[in-house]
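The whole structure should be built from the sequences, with the hints applied where relevant.
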Amino acid sequence: MQLVLFNVTNGLIIGAFYVLMALGLSLILNLSNVINFAHGNFLALGGYLAYTLTPTLGYWGALLVAPLLTALIGLAVERLMIRRVYNRDPVYSLLLTFGFAFVMQDIARYVWGPNGLPLGLPDFLSQPISAELFFVTWYRVFMVFVVIVVVLGLFAFLRYTRVGVRIRAGTLDLETVASLGVNISFLRTFNFALGCFLAGLSGVLAAGQIGLNPNMGDDLLMPSFIAIIVGGVGSLIGTLFGGLLIGMAAALTTVFYPSASEAVIYAIMMLVLLFRPRGFMGEEGMMS
Amino acid sequence: MTAALTAEGLHTYYGKSHILHGVSLEVAEGKITALLGRNGAGKTTTLRSLMGLTPAREGKITIFGEDTTRWPTFRVAAAGVGYVPEGRRIFANLSVEENLMVPLERGGPWTVERIYQLFPRLAERKQNRGRQLSGGEQEMLSIGRALLLNPKLLILDEPSQGLAPLIVREVFRIVQQMKAEGISVLLVEQNARMSLEIADNAYVLDDGIVVYSGPARELAADEARVRALAGASAEEWT
Ligand SMILES: Nc1ncnc2c1ncn2[C@@H]1O[C@H](COP(=O)(O)OP(=O)(O)OP(=O)(O)O)[C@@H](O)[C@H]1O
Ligand SMILES: [Mg+2]
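These protein sequence lines map, in sequence, to chains A and B. Each residue of the first sequence is one higher than the one before, counting from 894 in my numbering. Each residue of the second sequence is one higher than the one before, counting from 31 in my numbering.
Quick caveat, the hints were computed from the structure, so don't treat them as lab data. It is possible that part of the hints are untrue.
Claimed, not checked - Partial chain A-side listing against chain B, Cβ under 10 angstroms, derived: (1) Asp1066; (2) Leu1073; (3) Ser1152.
As the list claims (entries may be wrong) - Facing chain A, according to a computed beta carbon distance under 8 angstroms, are these residues of chain B, among others: (4) Thr103; (5) Phe104; (6) Ala108; (7) Tyr113; (8) Phe121; (9) Val132.
For each residue, glycine too, the CB sits at the ideal point set by N, CA and C.
Have a look at this one:
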C-alpha cells in the first residue's frame, strides 16, 4: 500500500513538472508555431541560476529571481534568433532550437561543470511530513503547491488580463490580432519569455529534488511534448490534463511493471494519435 | 479636400500570381468611398495591401500623410485604421467580452460601454463565445472591435455578406452613422445599389484594375453598369 501511495505522490510530482514544462512549450507552440527543443535547457538554466544565486539571495530569493532571469534570457534569445524564422516553415525553428539546445547544454557544462550539483534547501522542507508518510517530504508538498499556484495564476492571467486575452486570440488568428493594432512582435516575445519563466521555475523546483546536471531537462522534454499531443495541440487545459495523465501513468506503471514505465507514455501517445488524433481537448484540425 | 488614404500604383501578388495591376485610389476625409467589383476582382486583396497584410510589391500607400507602404499591419492599425475583415474573423473561442479586450486602446470616444449601447444585442450576449453568435451578431462584434481602436479611417470588407435583409439595412445605417461621427470610410461591397446610395465616391475594380472612379451618384445613374456589378444575390435585397 505504501508503495502505491509513494508512487502516486511521485506521479503527481512528475506530472506537475510535465505540466509546467508542457504549458510553456504549448504557449510558444500555439502562438508562434515554434517547437522549442531548447525548452529543457531553459529548465536546466533556471536550476543552475538558482544554484548560483542561493548563496547571496537565499533559497527563497533564488526561487523567485532565477525564473525571472531565465525569462529575460529567453526574451533575448527570441529577439536575436527565434523571431527571424517565424515566417518560414516550422522545420526551421525546430532545427534552430534543436541546435541551440546543444549549445545551451555545453554552455551549462562549461560554466557549472559536467558533474551533478545539489541545490540546498531550507531545512524544514527536507523533513518528512509524518513518521508514517516518511517518504513524503515537505518539499514534495511545497512543489505541488507552487505548481498549483503558478498554474492557477497563469490561467487567471490568460483569462482576465488584456495581454493574456490577446495571447489566446493570437493562438486562433494572429493576423486579426495585428489588424486590431496589437504589436504582435512584442506579444510573441513576451509569450516566449513567459514560457521560459515556467521552464526556469520547473528547473528550480526539480533541482531541489533531483539535483543539477547539464542535461537534466532532457528527460522531461519528450514527455512534455507527449503531454501536449495527448491533451490536444492548441488547448492549454488539454496540456494540463495531458501532463497529469502522463505523470500518473508513468508512476503507476512503475509499481506494477517497472520496466514499462517509460514505454507506457509513448504507448498512450500512439493510442491517441491512432484513435483521437486531435488529442483529448484539441482543436479540430490543429494537428494537420 | 484632403485624403485620409491614398494608394498609388499598387501591384500585389499571392506567390507568383499577379493580382493587382497598378491600383490607385483615394479615400477622402470624412467621406464614404465604395470599392465595388465582381467576385475575384481583387477587392479583398486591395484592402489586405492597404493594411500591410499582403504587402504590395510595388506602389505607394499614404495614410493620414504618412508613407505606410512598408509598415507592419499592427502599425497601420495603430495609426487609426479600423479593419473589419471579410468573413468577420471573430475569435471563435473567446467570449464577446474577451473579443472586445483584444484591440489596442487608442484614446477616443469609443469605449466598451458605447459599443454595447450601439449594439445592445452584444451586451446581452457578453458571456457567449464568438462561435455561438449569429452572422449579424458576429458582424456587429467585428465592427465594434474595430471601433474600439477609435479609428479615423474604417475599412470594411463586405459587411453585408450572408446577412438577412433587415440586418443588412442595420449595417448600412451604422456605416452612415460612422461618417456622421467624422470617420472616413472605405467600404467594399457586393451590394452595389445600397453602397452607392450611401457612398460619396466610388471605384470599380475588375481583374485587378480600376475601371471606374468618380462620384457615387454618377455611377448609380448608370443603370446598365450597376446591373452588371450587382450580382443576382445583391439584386434580391433591393
Ligand atoms: N491567398 C490567396 N492565394 C492565391 N490567390 C488568391 C488568394 N486569395 C485570393 N486569391 C485570388 O486573387 C484574386 C482576387 O481575390 P480577392 O479575394 O481579392 O477578390 P475579391 O474581389 O475580394 O472577391 P470576393 O468578392 O469574392 O470577395 C482571385 O482570383 C483569387 O482567386
Ligand atoms: Mg473579397
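Results for each hint:
1. Asp1066: Since chain B brings a Cβ to about 6 angstroms from A:Asp1066, closer than 10 angstroms, the hint holds.
2. Leu1073: 4 angstroms, holds
3. Ser1152: With Cβ-Cβ at 42 angstroms, over 10 angstroms, it is violated.
4. Thr103: 4 angstroms, holds
5. Phe104: OK, holds: B:Phe104 within 8 angstroms of chain A, min 4 angstroms.
6. Ala108: 4 angstroms, holds
7. Tyr113: 5 angstroms, holds
8. Phe121: At 5 angstroms from the nearest chain A Cβ, B:Phe121 passes the 8 angstroms test, so the hint holds.
9. Val132: 5 angstroms, holds
Of the numbered hints listed earlier, the single one contradicted by the structure is hint 3.
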